[in-house]
Amino acid sequence: MNTILGLGFILLTGLFSSRLIHKIRFPAVTAYLLLGILIGPSILNLTSPELINSSGFISNIVLGFIAFGLGQSFTREFFRNIGRPVLWISILEAVLPWVLVTLSFFFILKQPFYVALLFGAIASATAPAATVMVVREYKAKGRFTDMLLGVVAIDDAWCLIIFALSLAFSKAVAFHSSNTFIFKVLFHSLIEIVGALMLGGLIACFATLFSKFIRNQTELLIYTLGFVLLTTGLAILLHLSVLLANMFLGTVLININKSDLEFFDVLKVIDSPLYLLFFVLAGVNLEIGLLKGIGITGIIYIFFRTMGKTVGSVWGGYIVKVEERIRKYLGLGLLPQAGVALGCALIAKNDFPEIGGMIFSTIVATTVIYELIGPLCTKFALQKAGEIQI
Amino acid sequence: MQVKEVMSKEVITVKRSTTLKQLLEIFAKFHIFPLVPVIEEDNRLVGIVSFRNLINVFHSRQSEIMKAVPFLDEDEEDIFKVEFTEELGNLALAEDIMETKFITIQEGASLEEAYKLMKLHLKEEFPVVDRAGKLVGMVGIFDIIRQVFRQKGIIK
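Sequences listed follow chains G and A, in order.
Residue 1 is where the first sequence starts when you use the working numbering, and the numbers rise one by one after that.
Residue 1 is where the second sequence starts when you use the working numbering, and the numbers rise one by one after that.
Please note that the accuracy of each hint is not assured.
[Claimed, not checked] Heads up, simulated PhoX-like pairs for lysine-lysine below, C-alpha to C-alpha not over 20 Å straight-line:
no. : chain 1 : residue 1 : chain 2 : residue 2
1   : G       : K141      : G       : K268
2   : G       : K268      : A       : K123
3   : G       : K268      : A       : K81
4   : A       : K81       : G       : K139
5   : G       : K139      : G       : K379
6   : G       : K328      : G       : K384
7   : A       : K15       : A       : K81
8   : G       : K268      : A       : K101
9   : A       : K123      : G       : K212
[As the list claims (entries may be wrong)] Taking CB as the label site, the calculated pair distances span:
no. : chain 1 : residue 1 : chain 2 : residue 2 : range
10  : A       : E124      : G       : K141      : 30 to 36 Å
11  : G       : I288      : A       : L88       : 36 to 42 Å
12  : A       : E83       : G       : Q383      : 18 to 24 Å
13  : A       : V148      : G       : F213      : 22 to 28 Å
14  : A       : I79       : G       : V269      : 19 to 25 Å
[To be verified] Not everything, but these chain G residues come out facing chain A in the computed CB check (under 8 Å):
no. : residue
15  : Q72
16  : S73
17  : V132
18  : G150
19  : A153
20  : R215
21  : Q217
22  : D260
23  : P273
24  : Y275
25  : G339
Honestly, the hints are just simulated from the structure, not real lab data.
The beta-carbon is built from N, C-alpha and C at its ideal position, and this holds for glycine as well.
Turn these sequences into a full structure, and let the hints steer you where they fit.
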């Protein structure tokens, strides 16, 4: 199957399969991922090698889009809207899985520290699509539901920051190990991070400066897309963090933009087919052969991520003094894992060819498990918190 | 020519405390649901309600905070099947359903500027405000088009 035929086939079957899976109340992303696994080389082998090779390209663009979109969360108004309790709980439920999964992979599985750190960072992601779907499905209402949605709304932003920091550190450790001093590692990580922030900020200033020449929505779409790709491309060229550069582009843009231009909304016109492709290709990239070897890795990952999410929520809940039913069950509602985790795993796969396959396969396998049991846990949590009647 | 010369000065407005029921009754006579400015006692514009905001009443959760979240499925709530209690008409207030982020145009802006802004934001109507942010009128794309026809001598 040639690449263009493959693309057409993926878009149409993706659309069809998402409608099918909607009937059994799963988010579209689960359908895309399963479709990818089905048509990938391990099962039906319907995809061309060119298409599989373009996964890195597509995932970089998609993650650029996501990071750019999440950047708009960092405004005073947004933080006022979500409130202090959500902020604290979201930070702890994101940081604790990072710490626990990293430590467990390092001490129990004896993985190198930089590999453990990457697993830990990916563990902090959640899947808002699955959570929102359960909330809508059962018409959940109340303070627990509001806090749950608030936490999933900001969690992926924390995850991208944690992953970008961990990735910078891991690359510095892995690629400069011959003459490693902790100072040198920190210096390389710092350059990648600070450079990305400067790049994103600088491009945002340019984007604002020239935005007065925009005359209509078509031009705005081209303009915004151009700047996101420019940021992504320059970050890759300069070996800076693509995620942080795009996130900061979004953050600076929303905070200094006085022209009311809807930079973020306009990209929504084109992001859906790209997201579909991204998930299907994530599934295609799964090497089923590698799954045999990930049994204990997967179990440790699931166990410590679950523990991190629940303990983090309880801890955060204590700090901000929310009622017991919220702090007790909120973590359970945060278990689904999907897009952002897969995207981070794809980056790890590209950046660390030797161990990336193992990271990616573990994350795809655990994503499938989490996407199947996660929504049930979310429903259980909402039920226990008394905000749905079933 | 400035916006204030062609805008409609008599605008039907609502307060923050206007209920959904009152809102629907006020506009029952209109052919379409217009863009409704929500104002404070001192005429300061604080929000707008459009038919989109009315549709959002049907959605179980359409929060502003979820805007940045990727991969969300569209909320496919069937408005014909949704169950409401009668109290909603009195419980939902303009303040709850209005948009607080909206675009206004200054009364001193030129018609060209107003037209450009309408094209850029794909809107056909804007609230017009003075320097203090108080509502002074509404300008629609038809006001501008009519003015162009007037300038060409097609209408007086």
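Consistency of the hints with the structure:
Between K141 of chain G and K268 of chain G the CA atoms are separated by roughly 27 Å; this puts the pair beyond 20 Å, and the hint is violated. Pair hint K268 of chain G plus K123 of chain A holds up; C-alpha atoms about 18 Å apart against a cutoff of 20 Å. For the hint linking K268 of chain G to K81 of chain A, the alpha-carbon distance of about 28 Å lies beyond 20 Å, and the restraint is violated. The suggested pairing of K81 of chain A with K139 of chain G holds, with an alpha-carbon distance near 14 Å, which does not exceed 20 Å.
As the CA atoms of K139 of chain G and K379 of chain G are separated by approximately 11 Å, the hinted pair is consistent with the 20 Å bound. A distance of roughly 9 Å separates the Cα atoms of K328 of chain G and K384 of chain G; the hinted pair therefore holds under the 20 Å criterion. For the hint pairing K15 of chain A with K81 of chain A, the CA-to-CA distance comes to about 30 Å; that exceeds 20 Å, so the pair is violated. A distance of roughly 18 Å separates the Cα atoms of K268 of chain G and K101 of chain A; the hinted pair therefore holds under the 20 Å criterion.
This hinted pair checks out: K123 of chain A and K212 of chain G have alpha carbons roughly 18 Å apart, not beyond 20 Å. Between E124 of chain A and K141 of chain G the beta carbon distance is about 35 Å. The supplied range of 30 to 36 Å therefore holds. Between I288 of chain G and L88 of chain A the C-beta distance comes to about 51 Å, which lies outside the given range of 36 to 42 Å. At roughly 20 Å, the beta-carbon separation of E83 of chain A and Q383 of chain G lies within the given 18 to 24 Å, and the hint holds.
For V148 of chain A paired with F213 of chain G, a C-beta distance near 24 Å keeps the hint of 22 to 28 Å intact. In this structure the hint that I79 of chain A and V269 of chain G lie 19 to 25 Å apart at CB holds, the actual value being about 24 Å. The restraint placing Q72 of chain G at the interface with chain A holds, with a minimum CB-CB distance near 5 Å, inside the 8 Å limit. Because the smallest distance between the Cβ of S73 of chain G and any Cβ of chain A comes to about 5 Å, under 8 Å, the interface hint for this residue holds.
Interface hint at V132 of chain G: satisfied, since its Cβ lies 6 Å from the closest Cβ of chain A, which is below the 8 Å cut-off. For G150 of chain G, the shortest C-beta to C-beta distance to chain A is roughly 6 Å, which falls under 8 Å, so the interface hint holds. Against a cut-off of 8 Å between C-beta atoms, the interface hint on A153 of chain G holds, since the closest Cβ of chain A lies about 5 Å away. Evaluation of the R215 of chain G hint against chain A yields a held restraint, the C-beta minimum of about 7 Å falling below 8 Å.
Hint on Q217 of chain G holds. Least Cβ distance to chain A is approximately 6 Å, under the 8 Å limit. Against a cut-off of 8 Å between C-beta atoms, the interface hint on D260 of chain G holds, since the closest Cβ of chain A lies about 5 Å away. Nearest Cβ of chain A to the Cβ of P273 of chain G: about 13 Å, over the 8 Å cut. The hint is violated. At about 6 Å, the closest approach between the beta carbon of Y275 of chain G and any beta carbon in chain A falls short of 8 Å, and the interface hint on this residue holds.
Below 8 Å, beta-carbon pairs count as interface contacts, and G339 of chain G has one with chain A at about 5 Å; its hint therefore holds.
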